[in-house]
Amino acid sequence: MAEWWESIYNWFDGLLNFMPRIPLGSWVESFVEWLKNAQFVFDGIRSVIAFITTDVFLSFFQLIPPIIFILALTGIAYAIVKKQGSYGLPILVFFGLLLIESVDYWDDLLLTLSLVLTATLISIIIGVPLGIWMARNNTVQRIVTPILDFMQTMPAFVYLIPAVAFFSIGIVPGVVASVIFAMPPTVRLTNLGIRQVPTELIEASEAFGSTAKQKLYKVQLPMAKVTIMAGINQTIMLALSMVVIAAMIGTDGIGRQVYYAVGRNDIAMGFEAGICLVILAIILDRLTQALNPASKH
Amino acid sequence: MAKIKVEGLTKIFGKKPSQGMKLLKEGKSKDEILAETGLTVGVNQASFEVDDAEVFVIMGLSGSGKSTLVRLLNRLIEPTDGKVWIDNEDLAQMDEKQLRKVRREKMSMVFQKFGLFPFRTILSNVEYGLEVQGIDEKKRHEKAMESLELVGLKGYEHQYPDQLSGGMQQRVGLARALANDPSVLLMDEAFSALDPLIRKDMQDELLDLQEKMQKTIIFITHDLDEALRIGDRITIMKDGAIVQIGTPEEILTNPADDYVERFVEDVDRSKVFTAENIMVRPATVTLEKDGPRVALQRMKDEKISSVFVVKRNKELVGIVHADEVSKAVKENAKDLGPLVHADVPTVELETPMHDLFHAISTSPVPLAVIDKDRRLKGIIIRSTVLSALSGNEVTDNG
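Protein chains in written order, with numbering that gives the first Met the number 0: chain A, 0 to 296; chain B, 0 to 397.
Any given hint might turn out to be false.
Claimed, not checked - One side of the interface only, derived from the structure: several residues of chain B facing chain A at Cβ under 8 Å:
id: 1; residue: Met108
id: 2; residue: Phe110
id: 3; residue: Lys112
id: 4; residue: Gly128
No lab work stands behind these hints, which were simulated from the structure alone.
Yeah, the Cβ is synthetic: ideal placement off N, Cα and C, and Gly gets one too.
Just need the whole structure built from these sequences, with the hints factored in.
Dropping the structure here:
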């Protein structure tokens, strides 16, 4: 840099000297510290999430012998696509799961599946009502939309820090981080789906004297179902992508194996674990899409 | 007693509508208010009454506020000001529960794009209004089936809306509106989305149904022909305000202003005028007193080749032709009686002009217009039909 420019640069730089460094980070930190006063709340949440993940989903999945599990899921896939006349999905489910079992990732698969299902379940329980509320109230939409933008654009790693702060390490902060990261599509698409219901149908429902509840359950939700399901599908995919990142804070499952493999530069392990995640992702994606009633009555 | 009475009903869209209301009352126009305050006047102080079992058509171009007006009547849109009485109850004052009761029991609505629920079967669509009332399933099915039968869709109850044609879908819409047996039917451009032939069928069918059911129907349309076909009375709207209310004939013969006149200019007059409107005064001879000579003289005077014969009380007897009469005069006959041809083409006073075309084109003699007692009221000749069609002059009742 030429000297003359450097002196001009410094002069301009000096203009900002009066401004102190804004301690944004430490503000947030003290806010998080302050929130810890309500540790009993987080402990409660922690035990609920732990219960759903390990005691409900995981224990149930572990009860089932792998071969029965594989056949059952194949059967479900077959039942779903039977009417459409294409049998790719059950074949994919059967051989995909068989491959995971043969490379010894079955236990990790079950845990990852439990994590994803728990995160998705929580996302739906919070996200769908929130989306409905947004659709009915423009003020709520104006407030929630930037929060959702924030949740989605913040690098996913960042969520690990408060998750650990409140929920320690292990499975639970992994689920929490997944929920934060994965919930926005469900909220957004529930809102969108309800807002997209043609005005005439809303008017028809009102003109025949429906209550707000009847309008919601008999017209808006059925009409928005396809869109909401698309949102849930997205949520599942995002939750799955979060489980690898959550491995950094001690969340077990296939993600952990990927994380180890990266650390050790172990190509064989990385590929096996990676392909297991891909298989799980494809199965979950196709299953939820096939469930979507878009193409039938 | 009026079934529906509307007084000063106004809708202003935008923030702070009360400001616009004040300006409206000062007599400012829709455009002035928009320029001054940014508020849009949807409906401007509309007042009218609709009688029981009347078909009341509200007509206007798009943007004239007609669809807003009909939605103010069942409060799908909340009025800014004004009153709506239905059976002497003020709808605008009702709380939600009372309003729901009115919507469930007294008035239902048919929509332009049908407004059917795509995920429900036809039967379950028709049942919707009953379902939200909590009526039990068996009774619901029964009523819905009756309603479907009424519109001629029995057998389609387990299909879905997208499996039906547009005309059939709107029948479903109509069946759904009729299922809870309302006394008021609001129809918002109900047939506008249908192609012309189907639309005409639906209009006929609505009129047939109306004859049986005697509902109070408020029908929105932008199509004047449709309005004239089905309306007992027609309201014409412009810029949210009512310009004219009247029977189809009043609107056509006596348009309130340029706007209405331009509206009715290109109407198919043949659908509106009846024989009574276009008939002319006939030349006649009286059977009891006039003989062949008088008849011949009259034909010469009028420069016509045949003349109608009536009794003293004007009852139509028939027609005599110049050639036969002059022959009788040469033979010195005194009585017209044997010369009269009784098989004269006749039409009634109320016969629409549309139906006169065929009769007049195949008949060698003018058409006799008679009343219920067969009294001759006038005649119709080709030139009168043509001049009425061109809209030039309509003679007064001969």
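Here is how each hint holds up against the structure:
With its C-beta approaching chain A no nearer than about 4 Å, Met108(B) sits inside the 8 Å limit, and its interface hint holds. Among the interface hints, the one on Phe110(B) holds; its C-beta lies about 5 Å from the nearest C-beta in chain A, closer than the 8 Å criterion. A hinted interface residue such as Lys112(B) counts as satisfied when its beta carbon comes closer than 8 Å to some beta carbon of chain A; here the least separation is about 5 Å, so the hint holds. The criterion of a C-beta within 8 Å of any C-beta in chain A is met by Gly128(B), whose closest approach is roughly 4 Å, and the hint holds.
Checked against the numbered hints above, the structure breaks none of them.
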